[in-house]
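Since the structure of chain A is provided, determine the placement of chains B, C and D on it from the hints.
Residue numbers (the working numbering), protein chains in the order written: chain A, 2 to 173; chain B, 758 to 1130; chain C, 24 to 409; chain D, 475 to 650.
Calculated from the structure, these hints are not laboratory results. The beta-carbon is built from N, C-alpha and C at its ideal position, and this holds for glycine as well. Each hint should be verified, as a subset may be incorrect.
Incomplete in silico selection of chain B near chain D, CB under 8 Å [claimed, not checked]: (1) 788; (2) 790; (3) 792; (4) 930; (5) 977; (6) 990; (7) 1061; (8) 1073; (9) 1082.
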Amino acid sequence: MVTPSLVLFYAAAALTLGGGLGVVMTRNIVYAAFALLVAMMGVAGVFLLMFAEFLALVQVLIYGGAIVIVILFALMLTRVQDFEHLSDNRQWPIAAVVAAAIFGLLAASTVGTSVRTTTDAAGATVRTPVAFDALGESLFTQWAVPFEVASLVLLVALIGAVVLVRTSGGRD
Amino acid sequence: MQVQQQARTADTIDLMINMGPQHPSTHGVFRVVIWVDGERIVKAEPHIGYLHRGSEKLCEGELYSQVITLFDRLDYVANLNCELAFCLAVEKLMALEVPDRASYIRVILCELNRIASHMLFYGVYGLDVGAMTPILYGFRERERIQGLFESVTGARMMHNFIRVGGVKEDLRDDFEPRMAVLLEELKQGIEECDDLLSQNEMFLARTKGIGTIGPTEAIDFGVTGPSLRASGVLEDVRISEPYSIYERFDFGVPVGTYGDCWDRYYVRVEEMRQSLKIIEQAMAQMEPGPVAANVRRIARPPKGEVYVRTESPRGDFGVFLVSDGSDKPYRLKVRAPSFANLQALQYLLRDAYVADAVVILGSIDIILGEVDR
Amino acid sequence: MTVVQGIYYALGALALFVFLSFMVLVLTWVERKALARIQMRMGPMRVGFHGTLQPLADAMKLVLKEDILPSWADRRVYWLAPLAVFIPSLLLWAVIPVGRDLVLANLELGLFYIVAISVLTVMGLLMAGWGSANKYAMLGGLRAAGQLVSYEIPFIMAILAVAMLVQSLNLETIVDGQRNFAYILVQPLGLFIFLTAGLAELGRTPFDIHHAESELVGGPFIEYSGAHWAVFFLAEYINTFTIGALTVLLFLGGWRWPAMPFDGFAHSTLSVIWFLAKTYAVILFIFWIRGTYPRLRIDQLMAFGWKLLVPLSFVNIVITGIVLFYGWPLWTLTLISLVLLGATFYAISRHQGTRLERMTVTVHSFRGTRSEPPVVQPQPEAALED
Amino acid sequence: MEQPPRPPRQRREPEVPEAPVALDERGTALSALIRDVLKEFEVEVGAAVDEVVVTVKPEDVSAICRIAKDDPSLDFKYLRCLSVVDYIETLEVNYHLFSLDKRHKAVLKASVPTEEPHVPSVISVWRGADWFEREGHDLFGVVFDGHPNLTPLLLYEGFEGFPGRKSFPFHEYDEW
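The following block holds chain A by itself, in its conformation from the complex (with noise of 0.2 Å):
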């Protein structure tokens, strides 16, 4: 049966997919960042249409901001005939089992985590909401360490963009 959430569903995967090839298959690095921007986008749509608004939401916010601060620093640090000359790479091979091999473990993940639902009053599976406070509740308790290390990882990362971009002779 097509329903209008099916429709939304492919829509969304396409434009994920779309995106993804997007990245990979431009040469014009600028392009590449928007492609990832489409993609992402294509992510939150199908968290939102999982009824995880608060996933697709951030997934917005996070990768949002994240993509304009990377074609910032695409656009500043590298010229765009840096990569006319660059050939298909000859290892693409490996890099295509490594990439079957991540899809597969991620698709074994999701098809075994269970999906809590209820059943409404009309005998139809609905998905229940995870309630924000809990998620923040446990985000903080539970997971705060990896919550920290996440943050961590990203604070190291901006160092090292800062640090990368620097040269040696720089004053102060």
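Just chains B, C and D now, with coordinates in the frame of chain A:
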């Protein structure tokens, strides 16, 4: 010509930006090529000549009376000051005695012209720093002055009013009452303009400490006028070499301290007040009488050469006149204040931000008609 | 999701679009008239009574105008950029209520949605800047990115502090929480941060750095003309309207009357009018600023954002948290907030270059012919720097 | 510029009156002072209307300007104007100098042959001379030796001829 090579903080490529000749903030057809590193200017190179009409050469082919019209078109916002400089030069060469009333009319009109010019600067400078309203305030005042000019000279901009030996004609009967009204309006207008922009925190943040130039450098570059006075040099041709009848008036010369954009701006605002003072005194001192000396229609100054400086709104406006005794100037060199002031631009732009470029360029108040001639 | 729901949302979106377009038309007229008042002129007077039809005429002109594609432009990016700016600005309104239940989707996460979507505008500006193949546009786009990303933080933090007061991210709940007093009375500091950051997000004077007519000649929009420029324009004014509406919703009590004798339909209609009136008051304030202030420089803007607004917004959250945690009465928060606001203004006024004392130049007076030599004053060693 | 240039206008015979010289006391004092300071150079001190005129040899210009600026009694810190006058056979380079402190003024003149107009640049003395010299080079073809960047300033690159000179046709030129 490299302004100053900065120590780089990141390994980047400079972006070359061509500001002008079609750019809203270059005040005419002026082009400055700037190389920026991020938002910082590494190098700036001004290009002029887009408005070069060969005025000096054209003057050599015109009668003395016809040259005046060409001078109108040099500094086209302070036309009367240009006319005055030329007429003074010819008069000096001919050792002409200008009637008192004519001198007073000249001074009144020139000072009005100075206010009008500074008002234009005020408005445009507001736009340069991103404020929208000042230009309308400035132009309101300027419009009032030009209304009066129209009634006196018959033209709003290209007056052709000051003549060798005097002025074209006497003032109209309604001049005095109109002038009285205008003076009141201007007094209030200048205060309003001052209130609107001068002490605005953001305006201060944009102009204080930006584009500084010290007195020694300023003199070295030949910077004159308000831009020089802003650097703390007390130099005003009306004071140091009084021409016409300027020694009869009591007026102040505003002098800045830091030589930054704000000082250059405020010196001009203050100058408008002083101009009003001069006009008031002149109106009080003026007496009826002839307005033109007895000069032949086709003037033939004696052979010789003379250099005359006047204080135009932009600075030291000099006319170097070489006469061979004929009815046309043999050689006429105009020392345009904007031309010399603009040379300092490269120095002023060192280490500035892109946004400062506009503010700095605006603060030296150039008129391209005069720069290129 | 059913088909009926889909149709409902589609119709709602259409209605929203029409409503917003109309509001933009009104806004442009109001802006021109307000600025004209400030600048002592008449503003548009020709088309319709006092130029009321001028926005329509302008819109028609823009649509009929030739759309120019610069030959070096990156076609796809160039044409997509207006949409990338416009769609987020429209999407925002999906959750903004103009009255009780007058909203397309009353999301529980309303505020979070707004925060997330408003980030996306940057992309459009960057795309426009990059796609135009113009150096001014490029600089403008980069400036926009830097500015918007920086000011996102205080913007979010100011919103968050309000959400803490209500313990909800739902906009209607937030308005309901202000049934006794508007939050401007509780968090004046929050309002200051929100409005300032909001102005920066909008890119309006004094933060119109990426347009910067005087140096960048319009920034990212420099190459656009006709309908595509109109789309940017539309988005910009919708965003202005959004900030006005959000200010009213978060700090000024939304559509709530102090006392309302009616109920039912009359109540809702009057509420909406009341809400719009408040919004326009805020927007007029924004226009007033535009008529008065010059533009900041990019580094000053960044310094202001990172050195002042970001710490302040964190402080705002901390004090709100402390007051809420210890269950102190809310007027203590008002007090602390006001003190901090005063301290902020004092700090700004003490800042070199923006000192509030009157700056002036020396006037040397003379009488008669002068013979004294001019005074060459020593230049101060430390020129004013910030 | 196909047409041959018009014959240059003849200068009038000196039947016309000369402008009277009226030096004030500052000027008189200055001319004595200049004679004193510049005695090791071959200079000729005269006067024109109200200004002291110092005629110098072109090769001395740079050195004399340096002295004029640095000597505390002359103190010509301010170069008011630098102009070139075309006297058909010679080009005369005029330096209008002014002292802001002492308030005296003088003109420095150096005549160079039109065929080979070479004057040392004074840009190292006054930075403000930069554009004036470029203009002189543009319009009159005077070569200011030592100027770091003698590129066209007012004219477009590739312009032929020197439009300031008397020999340049007045109206018969191609519009750019």
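Going through the hints against the structure:
1. 788: violated (12 Å)
2. 790: Residue 790 of chain B check fails; min Cβ-Cβ to chain D is 13 Å, beyond 8 Å.
3. 792: Violated - the Cβ of residue 792 of chain B stays beyond 8 Å from chain D, reaching only about 16 Å at its closest.
4. 930: For residue 930 of chain B, the interface hint is violated, since the closest Cβ of chain D sits about 38 Å away, which is over 8 Å.
5. 977: holds (5 Å)
6. 990: holds (7 Å)
7. 1061: Hint on residue 1061 of chain B: holds, closest Cβ of chain D at ~3 Å, below 8 Å.
8. 1073: Status holds, d = 7 Å.
9. 1082: holds (3 Å)
Hint check: violations occur at hints 1, 2, 3, 4; the rest are consistent with the structure.
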